[in-house]
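Novice: Numbering-wise (this note's numbering), the sequence shown opens with residue 286 and increments by one.
Hints were generated in silico from the structure; no laboratory data involved. Please read these numbers as outputs of a predicted model, since none were measured by experiment. Hints are not guaranteed to be accurate.
No more than 25 Å apart at the CA atoms, straight line, and that leaves these computed lysine-lysine pairs for DSS-like [unchecked claim]:
| # | residue 1 | residue 2 |
| --- | --- | --- |
| 1 | K350 | K301 |
| 2 | K301 | K351 |
| 3 | K353 | K301 |
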Amino acid sequence: MEKFKNTWNQAQTNEKVLSIIGIICSLSILILAGMQILGIWNKVINVFEPLLGMLMLIQAIQNWKKNKVATIFYLCTFILILLFSILIFVIR
286 MEKFKNTWNQ AQTNEKVLSI IGIICSLSIL ILAGMQILGI WNKVINVFEP LLGMLMLIQA
346 IQNWKKNKVA TIFYLCTFIL ILLFSILIFV IR
């Protein structure tokens, strides 16, 4: 726990903001997936996919300096999800 506190205190403000937004997106995705599984909201995919793409973009930005291969994968996945969510939105 002490290591986490030191890492968090040394992180820049933009890294902290991206981490918080990523956590919010992750929690939202989990809640929306639960709603879809339980049948509470059938058109949750219209919200779920863009949030998933946003999470992939956030991860790409966070990992840019650490791992370029993973970042390229995240960016390609983001573009693919974005295209699919636009296609699904137009079709429906």
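Novice: So which of those numbered hints doesn't the model satisfy?
Specialist: Hints that this structure does not satisfy do not exist here, as all of them hold.
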